[in-house]
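So the protein lines, in turn, are chains A and B. So for the first sequence, the numbering used here puts the first residue at 1; every next one is plus one. So for the second sequence, the numbering used here puts the first residue at 1; every next one is plus one.
Hints are computed from structural coordinates only; laboratory data are not their basis. Check each hint, because a few of them may be wrong.
To be verified - Only pairs whose alpha carbons sit at most 16 Å apart, straight line, appear in this in silico EDC-like list of lysine to aspartate or glutamate:
| id | chain 1 | residue 1 | chain 2 | residue 2 |
| --- | --- | --- | --- | --- |
| 1 | A | K384 | A | E70 |
| 2 | B | K13 | B | D107 |
| 3 | B | K15 | A | D337 |
| 4 | A | K73 | B | D107 |
| 5 | B | K101 | A | D401 |
| 6 | A | K116 | B | E46 |
| 7 | A | K386 | A | E29 |
| 8 | B | K13 | A | D333 |
| 9 | A | K305 | A | E29 |
| 10 | A | K63 | A | D322 |
| 11 | B | K101 | A | E70 |
| 12 | A | K89 | A | E189 |
| 13 | A | K73 | B | E80 |
| 14 | A | K226 | A | D203 |
| 15 | B | K13 | A | D337 |
| 16 | A | K139 | A | D401 |
| 17 | B | K101 | A | D203 |
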Amino acid sequence: MDTGLAPRPSHVPENLVVDFDVWAPPGAEIDFHAAWETLRRPGTPDLVWTPRNGGHWIATRLKPMAEAFEDYKRFSSRVLIVPKEIGEKFDWIPTTVDPPQHRPFRVLLNSSFAPKTINTYEHQIRDLVVELIESFRAKGQCDFQAEFADQLPIRLFMHLLELPSEDARQIKHWSDQVTRLEGTLTMEEMTEKFFSYLSPVYDARVGKDGTDILSRLMNGQIGDRKITKLEALSLCTQVVQAGLDTVVNMLGFAIVFLARNAGHRAQLIADPSLIPAAVDEIFRRYPIVMNGREIVQDTELAGIKLKAGEVLVMPTPLSGTDDRENADPLTVDFQRDHRASLTFGGGSHRCPGAPLARLELQVTLEEWMKRIPEFQIAPGARLKYKPGVTPVVDAIPLVWDVAATETALRPNRT
Amino acid sequence: MEDAEKRCSGADKMKVTFVDHSGQERVLSVPGGMSLVEVALHHSVEGIDAECGGACSCATCHVFVEEGWVGRLPPLSMIESDMLELVAGRQSNSRLACQIKTSEALDGLVVRTPESQGAA
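So that you can see chain A by itself, here it is in the shape it has in the complex (with noise of 0.2 Å):
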């Protein structure tokens, strides 16, 4: 990205200045969420303001974020990354349109997503997980980013959009292109072949009775007309795009701290159903998504002042390590008694995906767990990350005693 340095706005106070590249905290390639907390030491202002990717806030704090997610009055979905002339480049529907307008598109997407019509997918989402464990359960080691983290979700992605399976890897190298700042496509480069990609897709199923995601989407109602194809297309592109990362990565984050911590391993192998709750705390104490928003008309938040156009970066990694919302927020523990995260956002744009994050997280788990119990990253190998829109672990050799798992895996247990 951008490696100038903006000056600083007249309005700016010169003590809330931090030199900090949202695209690059230091240190991200070994811990990304090591990374930002940088960003936040005792005295740090609530917000504070960069110089990279062309000048912008950050905010530090959950209730700022909060307050920004909920307010799209004041704080507009129109631009959510920076720098912002590539904020500017994206305008994907439902993602970057404010409410009112944004609604009916959101209500489109809610009947495919919803949580009763999600949990209908369980068994499939089972079935997939149990054959990928059981594909390298017998050698002792995988690569769990290459062997699951990037199967799984994609898998069953293309599955439930009736795509076929062999376009994943294409689809996944141009969103990558932009959300891992591998820069070979720009933001209108990747919009132009997601939209040509879908096209046909799009003559094939309008006006026809399909039951898939797409279908639905490419028929779907926007108030008393039908969606544009247009409108379609965007709709689409945005949903391919966001179910082939982020769960994609949350699981390598989510494997990576279990194969480091025993106790929380045998807290789950002596009582499954703490499962969801770990999923729960795992989601708090490890998000991944940049998120932002344009300022509207001059403002405060935090009691600081800023003007229109300039953008406010939500870090939400930041959100969950907050210690004004959760004690001993760099601690995992499954038992937390209060956990406060904005790892799915919030306001009208909350995740319409999180609660299917949440099962195949959950499902990984049990199933996980069952089989491989006890594992570890391979010895002497270092964990890389990418960091990006959505960072990911690079890969995740792990290793375990195969005859160990010929016995944790009993067919009765459930």
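Please build the complex by placing chain B on the supplied structure of chain A, with the hints as guidance.
Relative to the frame of chain A, chain B by itself:
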């Protein structure tokens, strides 16, 4: 059910009760900081659809807040107020579960779910 959940949870948690339209109660012990939609989804509470997953974008998490608790909730936001206009059978104690967060101040909260969720 209630005792088992308290045993598993370990730490002191907050109590919230969902009463369905037939009078059946689900008494849950939950951490603070969760929206009632999250609580309902995590515990498969019947009577709440929450189609948007808790984004105040669907009005299918309508609940009736028990007397004695109504006044202790934070006031309606603009967006909740807008969305509540869409619910069928709206009453003065109607709220959206996605906008209520568990907390010590609301320990013991009781809400009733309607017979069905949906637009007026």
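Hint by hint, here is what the structure shows:
1. A:K384 to A:E70: Between K384 (chain A) and E70 (chain A) the Cα gap is close to 35 Å, so the pair fails against 16 Å, i.e. violated.
2. B:K13 to B:D107: Measuring from Cα to Cα gives roughly 8 Å; hence the hint holds.
3. B:K15 to A:D337: Given pair K15 (chain B), D337 (chain A) holds - Cα atoms ~11 Å apart, limit 16 Å.
4. A:K73 to B:D107: Distance ~32 Å between K73 (chain A) and D107 (chain B) Cα, so the pair is violated.
5. B:K101 to A:D401: violated (44 Å)
6. A:K116 to B:E46: Given that 16 Å is the threshold and the Cα spacing comes to 11 Å, the pair holds.
7. A:K386 to A:E29: holds (6 Å)
8. B:K13 to A:D333: Roughly 14 Å separates the two Cα atoms, so the pair holds.
9. A:K305 to A:E29: With a Cα-Cα distance of about 33 Å, the restraint between K305 (chain A) and E29 (chain A) is violated, given a limit of 16 Å.
10. A:K63 to A:D322: holds (9 Å)
11. B:K101 to A:E70: It holds: about 14 Å lies between the C-alpha atoms, which stays within 16 Å.
12. A:K89 to A:E189: Holds - the C-alpha atoms of E189 (chain A) and K89 (chain A) are around 10 Å apart, at most 16 Å.
13. A:K73 to B:E80: holds (14 Å)
14. A:K226 to A:D203: holds (15 Å)
15. B:K13 to A:D337: Satisfied, since the Cα-Cα distance of roughly 5 Å is no more than 16 Å.
16. A:K139 to A:D401: holds (9 Å)
17. B:K101 to A:D203: violated (44 Å)
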